[in-house]
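Chemist: As a plain string of letters, each chain reads:
2 protein chains.
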Amino acid sequence: MKSTASSIPPERSTALLTDKYELTMLQAALADGTADRQVTFEVFSRRLPNERRYGVVAGTARVLHAVKDFTFTAEQLADLDFLDQRTRDFLASYRFTGQIDGYREGELYFPHSPLLTVRGTFAECVVLETVILSIMNADSAVASAAARMVTAADGRPIIEMGSRRTHEYAAVTASRAAYLAGFSATSNLEAAFRYGIPASGTSAHAWTLLHINEDGTPNEAAAFRSQVDQLGAETTLLVDTYDIARGVETAIEVAGTDLGGVRIDSGDLGVLARQVRKQLDDLGAHNTKIVVSSDLDEFTIAGLRGEPVDVFGVGTSVVTGSGAPTAGLVYKLVEVDGHPVAKRSRNKASHGGTKKAVRTHRSTGTAIEEIVYPYHSERPDTGKLATLDLTIPLMRDGQAVDGLPTLEQSRSYLADQLVTLPWEGLALSRDEPVLHTRFTGFPA
Amino acid sequence: MKSTASSIPPERSTALLTDKYELTMLQAALADGTADRQVTFEVFSRRLPNERRYGVVAGTARVLHAVKDFTFTAEQLADLDFLDQRTRDFLASYRFTGQIDGYREGELYFPHSPLLTVRGTFAECVVLETVILSIMNADSAVASAAARMVTAADGRPIIEMGSRRTHEYAAVTASRAAYLAGFSATSNLEAAFRYGIPASGTSAHAWTLLHINEDGTPNEAAAFRSQVDQLGAETTLLVDTYDIARGVETAIEVAGTDLGGVRIDSGDLGVLARQVRKQLDDLGAHNTKIVVSSDLDEFTIAGLRGEPVDVFGVGTSVVTGSGAPTAGLVYKLVEVDGHPVAKRSRNKASHGGTKKAVRTHRSTGTAIEEIVYPYHSERPDTGKLATLDLTIPLMRDGQAVDGLPTLEQSRSYLADQLVTLPWEGLALSRDEPVLHTRFTGFPA
Chain A
81 MKSTASSIPP ERSTALLTDK YELTMLQAAL ADGTADRQVT FEVFSRRLPN ERRYGVVAGT
141 ARVLHAVKDF TFTAEQLADL DFLDQRTRDF LASYRFTGQI DGYREGELYF PHSPLLTVRG
201 TFAECVVLET VILSIMNADS AVASAAARMV TAADGRPIIE MGSRRTHEYA AVTASRAAYL
261 AGFSATSNLE AAFRYGIPAS GTSAHAWTLL HINEDGTPNE AAAFRSQVDQ LGAETTLLVD
321 TYDIARGVET AIEVAGTDLG GVRIDSGDLG VLARQVRKQL DDLGAHNTKI VVSSDLDEFT
381 IAGLRGEPVD VFGVGTSVVT GSGAPTAGLV YKLVEVDGHP VAKRSRNKAS HGGTKKAVRT
441 HRSTGTAIEE IVYPYHSERP DTGKLATLDL TIPLMRDGQA VDGLPTLEQS RSYLADQLVT
501 LPWEGLALSR DEPVLHTRFT GFPA
Chain B
81 MKSTASSIPP ERSTALLTDK YELTMLQAAL ADGTADRQVT FEVFSRRLPN ERRYGVVAGT
141 ARVLHAVKDF TFTAEQLADL DFLDQRTRDF LASYRFTGQI DGYREGELYF PHSPLLTVRG
201 TFAECVVLET VILSIMNADS AVASAAARMV TAADGRPIIE MGSRRTHEYA AVTASRAAYL
261 AGFSATSNLE AAFRYGIPAS GTSAHAWTLL HINEDGTPNE AAAFRSQVDQ LGAETTLLVD
321 TYDIARGVET AIEVAGTDLG GVRIDSGDLG VLARQVRKQL DDLGAHNTKI VVSSDLDEFT
381 IAGLRGEPVD VFGVGTSVVT GSGAPTAGLV YKLVEVDGHP VAKRSRNKAS HGGTKKAVRT
441 HRSTGTAIEE IVYPYHSERP DTGKLATLDL TIPLMRDGQA VDGLPTLEQS RSYLADQLVT
501 LPWEGLALSR DEPVLHTRFT GFPA
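First to last, the sequence lines map onto chains A and B. Each residue of the first sequence is one higher than the one before, counting from 81 in my numbering. Each residue of the second sequence is one higher than the one before, counting from 81 in my numbering.
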């Protein structure tokens with residue numbers, strides 16, 4: 081399969097993927113003169129969902145596209161009849177012309193890491209809140225869950241096959257986020273074409289059920305034979321429609337011992353994998369792989385680590401963030417005309433001011449902490465510690481900067497970063513974030 | 081705000097919102113002669129997530145659109161180079177020409193209720209699996225959660241404001257599903273325009289934080305005054321940016337006792353609502369409403385039922401299905417050339433054959449059970465019981481039938497159906513499905 085851009089849907093305005101209050105605030109700001117104040121909005125999380133140890137940034141590249149496409153059509157403006165003419169005129173010529181900095185896609189993050197920093201006038205920045213958060217919350221939720229699954233699979237490939245369990249377009253970007261996090265392939269064709277992700281898939285239970293004799297009795301062999309005729313012996317046959325042992329026997333009879341794989345999609349997968357491996361080996365099919373699926377998540381994958389499973393297929397849990405379907409990121413005003421600002425109600429403390437961050441590492445490469453400092457200050461002195469700049473320029477004067485990482489590069493980057501976590505950071509159990517985020521250089 | 085269709089994005093093919101295995105099965109079926117077998121696929125759930133008592137069907141109208149738009153462009157076909165020429169030729173002229181029956185949008189459902197029944201050739205039905213399930217799983221998850229929130233709110237309006245917590249297009253359809261389930265309004269402008277849902281929203285904390293004096297000190301009064309100038313005294317002011325009691329005082333000073341509402345978005349909402357109600361009443365603002373938001377779900381809404389809260393704003397929990405982000409619906413082959421078929425592995429038993437369903441009611445209107453029977457059989461004799469046909473025609477020969485319910489009609493329908501549940505069905509606690517689905521007329 082080629083990876084082209086040809087199936088990308090027509091470009092369309094992202095401007096109404098917006099909460100109404102952003103436009104009512106805009107109108108009031110244009111009226112009272114605050115629209116032109118130079119501000120900073122920041123995307124960050126207050127905590128990691130489900131007491132996870134780390135999060136994975138995803139969606140940044142999609143955010144930059146969405147900001148570029150955030151322009152109002154004449155039809156959209158005509159519909160915005162709750163706004164005054166001045167506001168509609170402003171929106172008619174709206175283009176974001178500000179600056180965006182942030183963490184790379186595939187970067188690790190922790191509570192209060194400044195993931196994205198959007199600078200410009202209040203008017204141009206406030207309207208981007210919803211679309212930026214929608215993208216980053218959805219993509220980071222999937223990537224954060226998927227990275228744990230990749231760790232649990234311990235080098236064995238995982239195929240993303242969860243499209244059917246989430247919104248039809250969320251499925252496409254979930255595939256992307258899972259791939260970013262280290263999944264090997266996707267079932268989703270739109271994702272394959274749009275993002276160049278390897279596509280995977282052979283057959284469903286329906287295929288076996290379709291093959292009945294004239295009297296309605298099952299004919300699993302006919303289904304297998306037809307599949308092998310079309311897709312070759314390297315295909316994967318689904319063996320659990322009727323009886324698994326019979327299914328495996330039939331599969332090897334039909335395809336021979338060069339059969340690529342068998343898939344098991346139900347039952348006690350560990351027990352079945354052992355039985356099927358023994359049966360395959362006894363039949364001489366030593367190279368036939370065992371693919372398992374059926375409501376797997378990071379915990380069940382880890383539980384299968386000692387079993388003869390070659391490939392995992394993961395659906396529901398990855399596209400729904402495995403218990404955390406949103407990353408819980410917020411977009412908060414942190415600076416106005418050079419003054420740090422922050423909400424002061426209890427339980428929602430924020431740190432005011434525009435920020436950058438670095439991460440320090442021991443000589444062994446193990447990460448120590450994140451240090452957050454004022455954007456226009458010198459990088460803090462970290463002595464002899466290896467120090468990684470986490471904040472990079474993403475957009476300048478409304479244009480995406482050149483040379484941003486590709487999806488493949490971000491995927492490699494994350495793999496490299498995961499290795500830097502202290503060992504307890506890769507544990508699946510609930511605990512505190514594995515790295516602390518320390519603030520320095522801010523007023524007390 | 082007008083409700084027009086003008087902001088609907090350009091129609092686009094849904095054909096690649098598809099798992100690869102559907103097309104490899106298609107190729108093999110075209111090769112082995114099974115492509116033309118007359119089949120039935122059925123959408124159903126094996127269980128209700130989180131031991132809920134009932135589910136709500138949503139997405140049906142979107143499914144019918146997606147089926148109509150399931151056509152392959154020349155560019156898409158060129159990309160499908162893993163398929164042989166015969167299969168690509170088939171797809172080039174693909175139009176679904178079959179029959180779809182199913183439950184109405186807004187209908188209640190239970191495990192094994194036959195929610196959607198798709199009939200046609202194997203070739204034309206198999207390729208629709210992913211897009212149908214994506215839509216129904218996403219929309220039904222949101223509607224099922226939202227209906228519980230509406231029950232918990234006990235007549236008080238709920239505004240959907242969760243767009244930022246889910247994929248940017250999932251947000252739009254989540255707004256639709258929440259409205260279907262009885263929410264009153266949405267923050268999402270695309271949903272407002274696309275589906276005619278009332279839009280709602282005034283201001284965020286950023287608005288208050290933007291209004292600082294030249295020395296950087298807060299000026300909440302300036303923010304409130306500007307908002308009231310633009311949106312009128314009927315607006316809702318967000319009073320918890322700094323100190324809530326001071327915020328309420330300032331709000332009434334600025335807007336007068338005709339202020340429409342105040343919003344509290346943090347803290348112990350029950351305690352704060354009581355304090356704020358007393359303060360508003362003491363200030364003479366008896367008609368100023370109290371809007372609360374801040375990670376509400378059906379349980380926290382129920383906990384606030386005794387408090388002086390007038391309007392609820394719900395975000396994350398509704399768009400993520402409140403702990404059940406997917407409805408877990410499956411699309412299974414149940415009949416081939418008149419023969420019922422079903423997978424036989426343990427724990428995934430299905431009922432073969434094409435089905436219809438009715439629901440019986442006592443003379444009081446309370447629902448008793450669902451009865452599922454073979455599609456071509458007579459409706460079962462339910463004696464004197466009031467009996468509702470649950471299965472209605474949705475598509476005939478590839479065309480949506482005339483007169484299907486509008487979103488408003490489906491919303492009213494659900495409200496009427498919820499009243500028919502036995503009282504325990506509306507409880508929020510975990511338990512069995514409140515109605516049983518009984519199968520009659522099928523071979524044992």
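There may be inaccurate statements among the hints.
[Said to hold, decoys possible] In silico EDC-like cross-links for lysine to aspartate or glutamate, where the CA-CA straight-line distance does not exceed 20 Å: (1) B:423 to A:295; (2) B:464 to B:449; (3) A:369 to A:294; (4) A:423 to B:482; (5) A:423 to B:323; (6) A:423 to B:375; (7) A:369 to A:387; (8) B:358 to B:387; (9) A:423 to B:329; (10) B:423 to A:390; (11) B:423 to A:323; (12) A:423 to B:294; (13) B:423 to A:375; (14) A:358 to A:309; (15) A:423 to A:387; (16) B:423 to A:345; (17) A:423 to B:295; (18) B:423 to A:329; (19) A:369 to A:417; (20) B:148 to B:482; (21) A:148 to A:482; (22) A:369 to A:477; (23) A:369 to A:390; (24) A:358 to A:333; (25) B:423 to A:294; (26) A:423 to B:345; (27) B:358 to B:375; (28) B:369 to B:314; (29) A:464 to A:449; (30) A:369 to A:333; (31) A:358 to A:348; (32) A:148 to A:477; (33) B:369 to B:329; (34) A:369 to A:295; (35) A:358 to A:338; (36) A:358 to A:387.
Simulated from the structure, these hints should not be mistaken for laboratory data.
Chemist: None of the hints should be skipped; say for each whether it holds.
Modeler: Cross-check of the supplied hints:
About 17 Å separates the Cα atoms of residue 423 of chain B and residue 295 of chain A, which keeps this hinted pair within 20 Å; it holds. Restraint check for residue 464 of chain B and residue 449 of chain B: the C-alpha separation of about 14 Å stays at or below 20 Å, so the hint holds. Distance check on the hinted pair: residue 369 of chain A and residue 294 of chain A sit about 33 Å apart at the alpha-carbon level, beyond 20 Å; violated. For the hint linking residue 423 of chain A to residue 482 of chain B, the alpha-carbon distance of about 53 Å lies beyond 20 Å, and the restraint is violated.
At most 20 Å may separate the alpha-carbon atoms for a hinted pair to count; residue 423 of chain A and residue 323 of chain B meet this at roughly 10 Å. With a CA separation close to 17 Å, the supplied pair residue 423 of chain A and residue 375 of chain B stays within the 20 Å bound. A distance of roughly 12 Å separates the Cα atoms of residue 369 of chain A and residue 387 of chain A; the hinted pair therefore holds under the 20 Å criterion. A distance of roughly 12 Å separates the Cα atoms of residue 358 of chain B and residue 387 of chain B; the hinted pair therefore holds under the 20 Å criterion.
For a cut-off of 20 Å, the pair hint linking residue 423 of chain A to residue 329 of chain B stands: about 18 Å separates their Cα positions. A threshold of 20 Å between alpha carbons decides the hint, and for residue 423 of chain B with residue 390 of chain A the separation of about 24 Å lies outside it, so the pair is violated. Among the hinted pairs, residue 423 of chain B with residue 323 of chain A is consistent with the structure: their alpha-carbon atoms are about 10 Å apart, no more than 20 Å. Restraint check for residue 423 of chain A and residue 294 of chain B: satisfied, since their Cα atoms lie roughly 18 Å apart, inside the 20 Å limit.
Only pairs whose Cα atoms come within 20 Å are accepted, and residue 423 of chain B paired with residue 375 of chain A is accepted, the gap being roughly 17 Å. At roughly 26 Å between alpha-carbon atoms, residue 358 of chain A and residue 309 of chain A are farther apart than 20 Å, so this suggested pair is violated. For the suggested pair residue 423 of chain A and residue 387 of chain A, the alpha carbons sit about 51 Å apart, so the restraint of at most 20 Å is broken. Restraint check: the Cα-Cα separation between residue 423 of chain B and residue 345 of chain A comes to about 11 Å, which is no more than 20 Å; the hinted pair holds.
A distance of roughly 17 Å separates the Cα atoms of residue 423 of chain A and residue 295 of chain B; the hinted pair therefore holds under the 20 Å criterion. For the suggested pair residue 423 of chain B and residue 329 of chain A, the alpha carbons sit about 18 Å apart, so the restraint of at most 20 Å is met. For the hint pairing residue 369 of chain A with residue 417 of chain A, the CA-to-CA distance comes to about 61 Å; that exceeds 20 Å, so the pair is violated. A threshold of 20 Å between alpha carbons decides the hint, and for residue 148 of chain B with residue 482 of chain B the separation of about 14 Å falls inside it, so the pair holds.
This hinted pair checks out: residue 148 of chain A and residue 482 of chain A have alpha carbons roughly 14 Å apart, not beyond 20 Å. For a cut-off of 20 Å, the pair hint linking residue 369 of chain A to residue 477 of chain A is broken: about 52 Å separates their Cα positions. Of the pairs offered as hints, the one joining residue 369 of chain A and residue 390 of chain A holds, with about 6 Å between alpha carbons and a cut-off of 20 Å not exceeded. Restraint check: the Cα-Cα separation between residue 358 of chain A and residue 333 of chain A comes to about 16 Å, which is no more than 20 Å; the hinted pair holds.
Among the hinted pairs, residue 423 of chain B with residue 294 of chain A is consistent with the structure: their alpha-carbon atoms are about 18 Å apart, no more than 20 Å. Only pairs whose Cα atoms come within 20 Å are accepted, and residue 423 of chain A paired with residue 345 of chain B is accepted, the gap being roughly 11 Å. Taken as a hint, the residue 358 of chain B and residue 375 of chain B pair is broken in the structure, with Cα atoms around 24 Å apart against an allowance of 20 Å. Distance restraint check for residue 369 of chain B and residue 314 of chain B: the Cα-Cα separation of roughly 10 Å lies within the 20 Å cut-off, and the hinted pair is therefore satisfied.
Distance hint between residue 464 of chain A and residue 449 of chain A is fulfilled; the C-alpha atoms sit about 14 Å from each other, no more than 20 Å. Distance restraint check for residue 369 of chain A and residue 333 of chain A: the Cα-Cα separation of roughly 16 Å lies within the 20 Å cut-off, and the hinted pair is therefore satisfied. The hinted pair formed by residue 358 of chain A and residue 348 of chain A meets the criterion: a straight-line CA distance of about 16 Å does not exceed 20 Å. Our distance criterion of 20 Å between C-alpha atoms is met by residue 148 of chain A and residue 477 of chain A, whose separation comes to about 11 Å.
Distance restraint check for residue 369 of chain B and residue 329 of chain B: the Cα-Cα separation of roughly 14 Å lies within the 20 Å cut-off, and the hinted pair is therefore satisfied. Distance hint between residue 369 of chain A and residue 295 of chain A is unfulfilled; the C-alpha atoms sit about 34 Å from each other, more than 20 Å. Restraint check for residue 358 of chain A and residue 338 of chain A: the C-alpha separation of about 16 Å stays at or below 20 Å, so the hint holds. For the given pair, residue 358 of chain A sits about 12 Å from residue 387 of chain A by alpha-carbon distance, which is consistent with the 20 Å threshold.
Going through the hint list in order, the structure does not satisfy hints 3, 4, 10, 14, 15, 19, 22, 27, 34.
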